[in-house]
Amino acid sequence: MFSSVRSATLTGIHGSPVAVEVHIGMGLPGFTIVGLPDEACREARDRVRAALLSSGCEWPNRKITVNLAPSSQRKAGAGLDLALAVGILAATDQMKATDLADFAFVAELGLDGSLRSVPGVAPLVSAVTDCRVVVAPPSHREARVAEPCEVLTARNLEQLVACLHRERPWESVTDDDVDEDEIPPADMRDVRGQPMARLAAEVAAAGGHNVLFVGGPGGGKTMLAERIPGLLPPLDGRDAVDVTMVHSAAGLSLPRRGLVTRPPFRAPHHSASMIAMVGGGSGATMRPGEVSLAHAGVLFLDEVGEFMPSVLDALRQPLESGEIRIARANATVTLPARFLLVGATNPCPCGGGGPGACVCSDTSRAKYLRRLSGPILDRFDLRIAVAATDPDDLLGVGDGESSASIRERVVRARRLGVERAGKVNALLAAGELDTVAPLTEASRAVLRKELEAGRLTGRGYHRVRRVALTLSDLAGACEPIGEEHVRSALLMRTALAPNGAAQ
Amino acid sequence: MSGLPMWAYAAALCTRRGVSRRKAGGDLLRLDADVAWEEAGGNDETEVAQLYESCVENGVRVVTVQDPDFPSPLFFSGGVPILFVRGSLSVLGQRRVGIIGTRTPTPSGVYTARDFGEQLAAHGVAVVSGLAKGIDGAAHDGMRARHEMHPGDGAAGRPIAVVGSGLDIVYPKANRKLWEWVGECGVLLSEYPPGAPAEAHHFPQRNRIIASLSEIIVVVESRTTGGSMITVREAIRRGVDVHAVPGSPRVASAGGTNLLIQQGCGTVTDATDILAALSLEHSRTDLRRVDDREHPESGDLDVLEACSNGPVTLDQLMIATGRELSSIAVSLGRLHAQGWVMEERGWWEALLLGRGRHAGYCIT
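Heads up: the sequence lines are chains Z and B, in that order. Residue numbers 1 to 503, in the numbering used here, belong to the letters of the first sequence in order. Residue numbers 1 to 364, in the numbering used here, belong to the letters of the second sequence in order.
One chain only, chain Z, in its complex shape (with noise of 0.2 Å):
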């Protein structure tokens, strides 16, 4: 009369166990769930019913208790549907005890009795250990990705049953089928012209720095944007597992490996509302936002600052630990969220063009520049005019240096500063500059002139002597700095400020 299943519940990217406790006994027919289920979690009384009724099993007419331990900590979604079936049939003796001693059902069920996935397998089936995972079949790879748990699957309910009865063998999920038919991502080659804005992505993808692309529209700063994912190195261990983690709990859809490994991109709409950026929404879930789904990856806000200025605002937190916390009430998660910042914006709400040629007012666009300006301006290390492509450039022959090329002196360059500091340059504090990359007597001359024309703020200096740190680790120059990386540093931050002043 009485069983316990195992599953897991999500909060944040994190699952935990679940036990699934199951008791029938005497009194009115009835059936209730106790352990703070969610909206969805109550339904599964009469999604179970049903499936349990189409599968040819029985349900019982009694009074059925259910208890989601540990009680105090809120479940949410279908995917416990699963373990409790089994419970009930457990209870009900339609099924022996003891065959689900090691076992873990982690899916939602449909009213037919079949097995549906749900979002966040990879969390939830790393959450249950030392057992067999019982999943639905298209979650067979994401839930893999959680080592090292058995993974079987069953297409239903009566199938699985079977199988629990070992009447019939487990079906067997083949790996062969995997292959690179993913859609290659988006390549390089297929900018023409514009070396600036190309170099930029190189210096953002080798030392981390954030970028914004300035320009009219036109001038192909999404295009970019798209592009900058392609030149980051594959991701490795650590950061694939994040990755996935994240994207699973989000109920994004995972390559056909599982794993991820491509850096992600992320390119919220300006709209998005503070939870969508940060992550967290009603109920237990805790869903991921997007600066959680680009951990590793590219961030791209198009017309930065038409974001609200709060939603821009909550950036600054992850931007600096590479993290966020998102408390509430009731639950306080962390998420990982170290993504590289892109941002592209129209110099002026007329689009701009060359000197002379805006027609903005000057409340406007002083108005326009305000929105952008403030702590967010001051994150972005390279500040990169983009004007549309000269026709000739873009009608002649031969494609830009492919991703892939690149991408080779951005791992050179990135595997450099790794050596040095540990880290990517981006991140270096200031006080750790005059150690790792010291300056040539010259580049010091250049930069004291242009900190005493008021060119340069004390935080524009620290910036620049971190993507000229990155410039000579792409030249493959060895330290100190010279005054030409110096020198184009200080040309990749001049795009916005109106009368040359480099924050």
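Treat the hints as calculated values from the structure; they're not laboratory data. Beta carbons are placed, not taken as given, at the ideal position from N, Cα and C, and that holds for glycine. Do not take every clue at face value.
[Unchecked claim] For lysine to aspartate or glutamate, the following DMTMM-like pairs were computed, each having C-alpha atoms within a straight-line distance of at most 20 Å:
hint	chain 1	residue 1	chain 2	residue 2
1	B	K133	Z	D362
2	B	K173	Z	D362
3	Z	K423	Z	D362
[As the list claims (entries may be wrong)] Only part of the chain Z face toward chain B is listed, based on derived beta-carbon distances under 10 Å:
hint	residue
4	C131
5	M196
6	A197
7	A357
8	R383
9	L451
10	G458
11	H462
12	E483
13	T494
[Claimed, not checked] Pairwise CB distance ranges, derived in the manner of DEER restraints:
hint	chain 1	residue 1	chain 2	residue 2	range
14	Z	R325	B	K177	31 to 37 Å
15	Z	D313	B	G93	42 to 48 Å
16	Z	P184	B	Q263	44 to 50 Å
Chain Z is already provided as a structure; the job is to place chain B on it using the hints.
Chain B alone, transformed into the frame defined by chain Z:
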């Protein structure tokens, strides 16, 4: 009658609602100001007293068509019965060139306007302008540079600014220092009493005064529409010669000046041309002052050349020269320090003075 001066009544008359400027001017020529004011329906002396006080407070003088030192060009062109003045009207005795242009110029437009201002100051020619952002301000700023370089040069040309607001309302605010300097060194003129805000409809009227006060008008950079073109139209109506500085056909803010040239107005590329248009002695040696900039290094010439046909982006520079950013960066840094190029929002432009003066190593 209280002891208020006549000019206060004149000011009250001219700023009275429902009294056109033309009518006010006619009345002032016929009658005493206080009588004219009463005829126009004025009966509240406190109104006059207030105007009087705000003028005195702000150091603003009032001249009307009745006054002997009312600027004669305005007297004849009509429609301007009164001027609020700060500074010395004697500046109007100098030769006067109006320098006007867009509020959103290119760096080279600014450079040209400054250069004209500086050169004309050196040659004792006054510059009439509107103290607006961009070309207007740059022309007077160039004069100021000359005055600061040679303080105490009594013969230097002085600034004449005609503004569209009360003389105590600085517009645009960014020009405050320049505004004050003009008031001290030259003369600030306005049709509007102290406290009057800068309103859009004031400016076309202001432009008519600029056109009237100038012997010739030089348009440095202008779009095909805008305030400068209004000034040009007014100047042509008054028989004032208009000259324009040619610009690149690819720069929107030179569209108006190029159009003027196509339509046959005089071309000015150098302060010498302006002096010639004024029939002034223009062969004095110090005009052909030696360019004190260092010669660009031979390795930087390709970059300078690429910048010399209007503003270019770094992209265009990289494509045109085929050089790496790092090497262009060094060249640009050097050229910038030497004063050969200017940068604005990522656009670079060469600063070449006048025609052919540096032809040897600038333009190929």
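Here is what the structure says about each hint:
1. K133/B x D362/Z: Distance ~10 Å between K133/B and D362/Z Cα, so the pair holds.
2. K173/B x D362/Z: 12 Å, holds
3. K423/Z x D362/Z: Status violated; Cα separation ~42 Å.
4. C131: 58 Å, violated
5. M196: Cβ of M196/Z sits 5 Å from chain B, so the hint holds.
6. A197: 7 Å, holds
7. A357: 4 Å, holds
8. R383: 8 Å, holds
9. L451: It is violated, given that the least Cβ distance between L451/Z and chain B is near 14 Å, above 10 Å.
10. G458: Not OK, violated: G458/Z not within 10 Å of chain B, min 21 Å.
11. H462: Not OK, violated: H462/Z not within 10 Å of chain B, min 19 Å.
12. E483: Check passed: Cβ of E483/Z comes within 6 Å of chain B, closer than 10 Å.
13. T494: 5 Å, holds
14. R325/Z x K177/B: 31 to 37 Å: 49 Å, violated
15. D313/Z x G93/B: 42 to 48 Å: 59 Å, violated
16. P184/Z x Q263/B: 44 to 50 Å: 57 Å, violated
In summary, the structure is inconsistent with hints 3, 4, 9, 10, 11, 14, 15 and 16 from the numbered list given earlier, while agreeing with the others.
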